Structures are given as C-alpha cells and as structure tokens.
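> Assemble the complex: chain L is given as a structure, and chain D must be docked to it using the hints.
There are 2 protein chains.
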Amino acid sequence: MVNMKDVAREAGVGLGTVSRVLNKNGPVKEATRLKVERAIETLKYKPNEVARNFKMQQSQSVALIVPTIWHPFFSNFAYHLEKKLSENGYKMILCNSQSDVDKEINYISMLEKNKIDGLVAITYSYDLDQYISSDLPIVSIDRHFTEDVVYVTSDNESGGRIAADELMKRGCKEIAFLGSLSSIKNESMRRRQGFENEVKKHNFPHRILELEEPVHDIAGSVRQFFEEYPEVDGVFAMNDKWARIIIEELKAKGKKVPEDVQVIGYDGVTPSKEEELTFSTIKQPVPLMAEKATQALMQIIQDEPGEEKIILPVEFFAGNSTKKY
Amino acid sequence: MVNMKDVAREAGVGLGTVSRVLNKNGPVKEATRLKVERAIETLKYKPNEVARNFKMQQSQSVALIVPTIWHPFFSNFAYHLEKKLSENGYKMILCNSQSDVDKEINYISMLEKNKIDGLVAITYSYDLDQYISSDLPIVSIDRHFTEDVVYVTSDNESGGRIAADELMKRGCKEIAFLGSLSSIKNESMRRRQGFENEVKKHNFPHRILELEEPVHDIAGSVRQFFEEYPEVDGVFAMNDKWARIIIEELKAKGKKVPEDVQVIGYDGVTPSKEEELTFSTIKQPVPLMAEKATQALMQIIQDEPGEEKIILPVEFFAGNSTKKY
Numbered sequence: 001m002v003n004m005k006d007v008a009r010e011a012g013v014g015l016g017t018v019s020r021v022l023n024k025n026g027p028v029k030e031a032t033r034l035k036v037e038r039a040i041e042t043l044k045y046k047p048n049e050v051a052r053n054f055k056m057q058q059s060q061s062v063a064l065i066v067p068t069i070w071h072p073f074f075s076n077f078a079y080h081l082e083k084k085l086s087e088n089g090y091k092m093i094l095c096n097s098q099s100d101v102d103k104e105i106n107y108i109s110m111l112e113k114n115k116i117d118g119l120v121a122i123t124y125s126y127d128l129d130q131y132i133s134s135d136l137p138i139v140s141i142d143r144h145f146t147e148d149v150v151y152v153t154s155d156n157e158s159g160g161r162i163a164a165d166e167l168m169k170r171g172c173k174e175i176a177f178l179g180s181l182s183s184i185k186n187e188s189m190r191r192r193q194g195f196e197n198e199v200k201k202h203n204f205p206h207r208i209l210e211l212e213e214p215v216h217d218i219a220g221s222v223r224q225f226f227e228e229y230p231e232v233d234g235v236f237a238m239n240d241k242w243a244r245i246i247i248e249e250l251k252a253k254g255k256k257v258p259e260d261v262q263v264i265g266y267d268g269v270t271p272s273k274e275e276e277l278t279f280s281t282i283k284q285p286v287p288l289m290a291e292k293a294t295q296a297l298m299q300i301i302q303d304e305p306g307e308e309k310i311i312l313p314v315e316f317f318a319g320n321s322t323k324k325y
Numbered sequence: 001m002v003n004m005k006d007v008a009r010e011a012g013v014g015l016g017t018v019s020r021v022l023n024k025n026g027p028v029k030e031a032t033r034l035k036v037e038r039a040i041e042t043l044k045y046k047p048n049e050v051a052r053n054f055k056m057q058q059s060q061s062v063a064l065i066v067p068t069i070w071h072p073f074f075s076n077f078a079y080h081l082e083k084k085l086s087e088n089g090y091k092m093i094l095c096n097s098q099s100d101v102d103k104e105i106n107y108i109s110m111l112e113k114n115k116i117d118g119l120v121a122i123t124y125s126y127d128l129d130q131y132i133s134s135d136l137p138i139v140s141i142d143r144h145f146t147e148d149v150v151y152v153t154s155d156n157e158s159g160g161r162i163a164a165d166e167l168m169k170r171g172c173k174e175i176a177f178l179g180s181l182s183s184i185k186n187e188s189m190r191r192r193q194g195f196e197n198e199v200k201k202h203n204f205p206h207r208i209l210e211l212e213e214p215v216h217d218i219a220g221s222v223r224q225f226f227e228e229y230p231e232v233d234g235v236f237a238m239n240d241k242w243a244r245i246i247i248e249e250l251k252a253k254g255k256k257v258p259e260d261v262q263v264i265g266y267d268g269v270t271p272s273k274e275e276e277l278t279f280s281t282i283k284q285p286v287p288l289m290a291e292k293a294t295q296a297l298m299q300i301i302q303d304e305p306g307e308e309k310i311i312l313p314v315e316f317f318a319g320n321s322t323k324k325y
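Those protein sequences? They're chains L and D, same order as listed.
With this note's numbering, letter number 233 in the first sequence gets 233, and the count goes up by one each step, no holes.
With this note's numbering, letter number 118 in the second sequence gets 118, and the count goes up by one each step, no holes.
The following block holds chain L by itself, in its conformation from the complex (with noise of 0.2 angstroms):
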C-alpha cells in the first residue's frame, strides 16, 4: 500500500509538506503544491488508508524535552502531558537537555527517522534553530522558532501587566521586575515587557533587574538589587523560583513579606497536588498548555489542520506575598 512517505519521497517534499497540501493548511510554494499533486496521482494515493497504515508504522511514543525536570512547572506541565499523552494511546518518553544541545539534536534525529512519533519541547538552547524543521511534529512551549513550529505559551505580555496593576493598587511606591533575560528569543520575555509597558503608562517609579543568563548567583544578586535599591517595596519575580528566592533573601535581611516588600511571582504552581499556593503569583493554566499541546500534536501528526500561535490567559493569584486590597 502506497503511504505519506511514499508520496513525499516521489515529490522530493517532506511529510509535513505533503500535510499541508493535503489539509490545505499552512503556506506551501505553488510548484511545490504540483508536485505533490503530481505525485499522489502517479501513485494513486488514498488519504484514508494511508492515514491508516501511517498510523500502525508509529512507536506511539512522544518525547517531551525539558530544561529539567526537577523544577515545579516542568514536572507539572510534565504530569499533565504525560496524562493527556496517555488518554490517546502515547507513551511519554523524557529527556533533561539541561545545557546539553547534542542531547536535544538527537531527539530531533530520532523524530526524522520516525523512532518518535512527535516532540514537545521546552527549549532554550542556542543553535537549535537550524535543526527544527516545520515538516516535523514539534510543538514548541514558550519559545519560537525562525521555522513555522506550532507553539502554546502563556498570555505572559498580560502577566506582567496585571502583575504592575496588582503591585501599583496594593499601595507599593516604587516596583521592580526581577528576572533573568536569555539570548534565545522566548515568550517569557514578555512578562517583562508586560510589566515595563503598563508602569510607563502610568509613569510610575519602577526599576528592571534583567541579569544575562545563566545567573549562578540569584540570592547574591537579589541581595545586591535591594542594597542599591532600599526603596522598592513591590517587585514582581520572572517566576515563582525567583519568587522564592527574593522571599527568603527578604526575609534573611529582616525584612516583612508583604508589609515592607510585596512580591508577585509567576508560574503558580505548588511543588506537589496535594498542597496549596502560599504566595502571590501570576498562574499560567498548565492543564490546560498541555491539553492544548496534545491535540495540536495529534493534529500535526494526523494530518489534521490546526493552529499554529496557541496563546493561553493567565489569571492573578492573591496569596500571603501581598496586601490585601
């Protein structure tokens, strides 16, 4: 029976190509199209059945890459992908990349040799635009690709505002964004720029910490930020480690969480199902991202047309880290 890759092969396309004529769905050259076109007449090719036997050629297994997966938002995000990899019959494989780009590379080779049948990544490494490729199932947290890779983040431009507006209510006289900046370009960035945006509108005293990663030292620096600036009292955390951490580092100098220093972080994640969340912080719907991530995955792999920006909202959570209001 004639298959996708038979088709693809006969073109001189790649699978995801053939997809996209296919479900007529994401951008795709003209002379490219008819020669796909070209190539499933001279087979004789049937979608269906070769949707079909596509389908029994797969590991059904999904790798999912993750900076580490010691960390509460990844084991979360973790958790839930693996739950909702499984309800469609997906084993869930794991791989640290932790600093490691040949252990990521390799992930990708093993999705073009169809050892994996798809890729969720959470990447921040440097060079590995060159290796991803859009005729491939990735999709892609956080972080774009030059490459039209599927990707599903959340609302973090609107984090960083509604963390400003929270700060700035609550009585604080002069906030700050503590956080990390990385070289790759990814959508965590933008919990900043949310930030930045909304206290220049209201042309309030604010102060931006964005220390080039990798930060070996965050207390040390945290320490440092309220030597040189003993007047903030509001600061909104990149993320809730960064939470943590400024709360200790506070808490260590003698100073009052919220009464002297309100912190919001960002993440909302508790490091286990059965506890609560102490501090305040910006939630991202992690269920929800990995929902959002299996079926774009599926869609990619199916063949099923599907979107390609997946922008989730965020919601605020008042915990005992600031006023009440």
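No lab work stands behind these hints, which were simulated from the structure alone.
These numbers come from a predicted model, not from an experiment.
Keep in mind that the hints are not guaranteed to be accurate.
As the list makes no split between identical chains, a pair holds if one copy fits it or if it spans any two.
[Claimed, not checked] Think about it this way: if two alpha-carbon atoms lie no more than 27 angstroms apart in a straight line, the pair counts; the simulated DSSO-like pairs of lysine-lysine are:
{"no.": "1", "residue 1": "Lys113", "residue 2": "Lys29"}
{"no.": "2", "residue 1": "Lys103", "residue 2": "Lys273"}
{"no.": "3", "residue 1": "Lys5", "residue 2": "Lys115"}
{"no.": "4", "residue 1": "Lys251", "residue 2": "Lys46"}
{"no.": "5", "residue 1": "Lys35", "residue 2": "Lys201"}
{"no.": "6", "residue 1": "Lys273", "residue 2": "Lys253"}
{"no.": "7", "residue 1": "Lys169", "residue 2": "Lys283"}
{"no.": "8", "residue 1": "Lys273", "residue 2": "Lys255"}
{"no.": "9", "residue 1": "Lys273", "residue 2": "Lys185"}
{"no.": "10", "residue 1": "Lys173", "residue 2": "Lys200"}
{"no.": "11", "residue 1": "Lys115", "residue 2": "Lys201"}
{"no.": "12", "residue 1": "Lys200", "residue 2": "Lys283"}
{"no.": "13", "residue 1": "Lys46", "residue 2": "Lys29"}
Same frame as chain L, now just chain D:
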C-alpha cells in the same frame, strides 16, 4: 544464532532464571539449574555472543513508574535517573501511575514483551505483587515485593531515629510523628518505627498520628491534631510535603516555628536545582539512589551479579524549623 531467550524456552524457565544460573547469582532450585544446563548443552549456547545479540534486540529504553512526577522527590529522582540512564545509552519513558494499577501492569507487560528493557518502579499500588516477577529487569524504590525484586531505599529507620534525637536534644518536651500509613508494605513506614523506637528507648513523651491512606485533607488532620495535643512542641513529619503543610498550618494558627514548635521533615529535596533547603529535614541521597538503581538495573539487563537490597545512608539538615543546638 542461539540467544538467551531460546535457552529459556528450551528449559521452560524465565530469562531471569537463565541469568541466575549463568551468573551463579541468586537462588535457583537444583532441578531448575539442571534443566537450564541441559538446554545450554543442547543448543550449544555461547553466553558472550548471546549477550551481544540480546543487546542488539533491545529498545534501549527503560520506564520509570512514579505515583506522580508532580512532586519534588519524584521529579528530583527522575532528573538524576534520566541522567544516569542516558549515560548508559538508555532513554527513559515516564509513567505517572497515580491510582491506576492497569497502567502499571501495562508497563510490566511491555517489559515481558521486550518492548522496554527495564523498569524502575516507585509504586504503592495494591495487588501489584502478582504481576511482578524476579525474572524481569525491575528495580523497586522503597517497596518490597514478595518476589526477589532488587530494591533501593534510603535508611528510613535511621532517619526516624535521627529525627527523634535531634528534636529531643533541641529542648522539646513532647514530640510527635505525623504521617500516613499505606496498606502496602514499603520502606517509608520504617521512619515512624525508627522514631518510635528511639523515643521509647528514652522514655520520652510522644504522640503518633498515623492516618490511613489516602489522606484527603492533610491540613485539616494536622489542625485537629494540634487542637487535641497543644502541648506538642516538636514534630517529625513523614516527608517534606507533610512538613510544609504542618509549618503553614502552625503559622496560620499563630504558632511560631521553631520558637513554639520545631519541625523536621524527610526527603531533603528543593523544588529546583538553584534553590536551597529552608526547613530542617532528613536528607535522602537522591543522586546516589538514582545511580545505584541504574547500576542495579544494568547489572540485571546484562546478566551480571549484583546486590539485592541497597540501603543508603541519610543525614540531618539543620534548617530554619529547628532551634540552634
């Protein structure tokens, strides 16, 4: 070429039995040993060639079953295990089993069909014993099975004793163990035993709160306990999750930690790599546990002799939830 599975089939025994006969490792009945030796002779089996052949047939993947990856201890263990497996050329498939014994059985069945090469299991499911076989490459963390399955655990009994000693010598007047009890035999119940043995040895006033799992409202149970026993001024929590909930609950009730009540947890795992431990706890040697589990599994897969019970030392971390000594 004859392989080990042929030998097992010819002898009418499992792969693990052939392995134990070849490596003179672990108990084998005399009659069984003779059957295996006869099969080896009949088939002119050559262990080295076979080992190579066997290796080539493998999927090069190992599954890790955890109750949930959304938990600092499990995510930390998974982080280190994936690293070690990766160094050995194995991918790691992650399975969150949470109250789904069928999912666990499915992985055991994949193992039997050689779809995966090994299994590392952290599981507390009832009724799993009948599916586990010492013939399979399985390493269990914290739990004993009826069959001779290799297990890796931290020294829970010592951990309980150390926690009791630390609370007693830090000026507590009445100390308590707070935790839950699974109906499945596992190593972590030795934490309570170690604690109890130590306080009894010293005739020290103590309380034990051991709730039957699953516990749906840990915070509520903790609240009730302190209403009933307000004199308790030192707590050993069964794990860090319990410790975090106890500390939050005490704070919410206006009690100061460690001034009014001292608290010691068990696990000693931070939410992420860059963070430091805050409260006092008994530290499990997680990287070493992952290393030993990987080593043990590789030994089983490669038919090399190895230990059956691997118990690793713990240590006390003096954090901000106990007084200075």
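> Give a verdict on every hint.
Going down the list of hints, with the structure as the test:
In this homomeric assembly, Lys113 and Lys29 come within 27 angstroms of each other (Cα to Cα) only inside a single copy, at 25 angstroms, whereas the closest approach across copies is 46 angstroms. Taking CA atoms no more than 27 angstroms apart as the test, Lys103 paired with Lys273 passes between copies only; the shortest distance there is 20 angstroms, against 30 angstroms inside one copy. Taking identical chains as interchangeable, the C-alpha atoms of Lys5 and Lys115 lie at most 27 angstroms apart whether they share a chain (14 angstroms) or sit on different chains (25 angstroms). Taking CA atoms no more than 27 angstroms apart as the test, Lys251 paired with Lys46 passes in neither setting, with 67 angstroms inside one copy and 66 angstroms between copies.
In the homo-oligomer, the alpha carbons of Lys35 and Lys201 never lie at most 27 angstroms apart, since the shortest distance is 52 angstroms inside one protomer and 84 angstroms across protomers. Taking identical chains as interchangeable, the C-alpha atoms of Lys273 and Lys253 lie at most 27 angstroms apart only when they sit on different chains, with a minimum of 23 angstroms there against 31 angstroms within one chain. For the identical chains of this complex, Lys169 and Lys283 are intra-copy neighbours only, at 19 angstroms inside a copy versus 42 angstroms across copies, given an alpha-carbon limit of 27 angstroms. Taking the shortest alpha-carbon separations for Lys273 and Lys255, only the inter-copy value of 25 angstroms comes in at or below 27 angstroms, while the best intra-copy value is 30 angstroms.
Taking identical chains as interchangeable, the C-alpha atoms of Lys273 and Lys185 lie at most 27 angstroms apart only when they sit on different chains, with a minimum of 23 angstroms there against 31 angstroms within one chain. In this homomeric assembly, Lys173 and Lys200 come within 27 angstroms of each other (Cα to Cα) only inside a single copy, at 14 angstroms, whereas the closest approach across copies is 56 angstroms. In this homomeric assembly, Lys115 and Lys201 never come within 27 angstroms of each other (Cα to Cα): the closest approach is 51 angstroms inside a single copy and 58 angstroms across copies. In the homo-oligomer, the alpha carbons of Lys200 and Lys283 lie at most 27 angstroms apart inside one protomer (24 angstroms), although the nearest pairing across protomers, at 47 angstroms, exceeds that limit.
Taking identical chains as interchangeable, the C-alpha atoms of Lys46 and Lys29 lie at most 27 angstroms apart only when both belong to the same chain, with a minimum of 22 angstroms there against 58 angstroms between chains.
The structure shown violates the earlier hints numbered 4, 5, 11.
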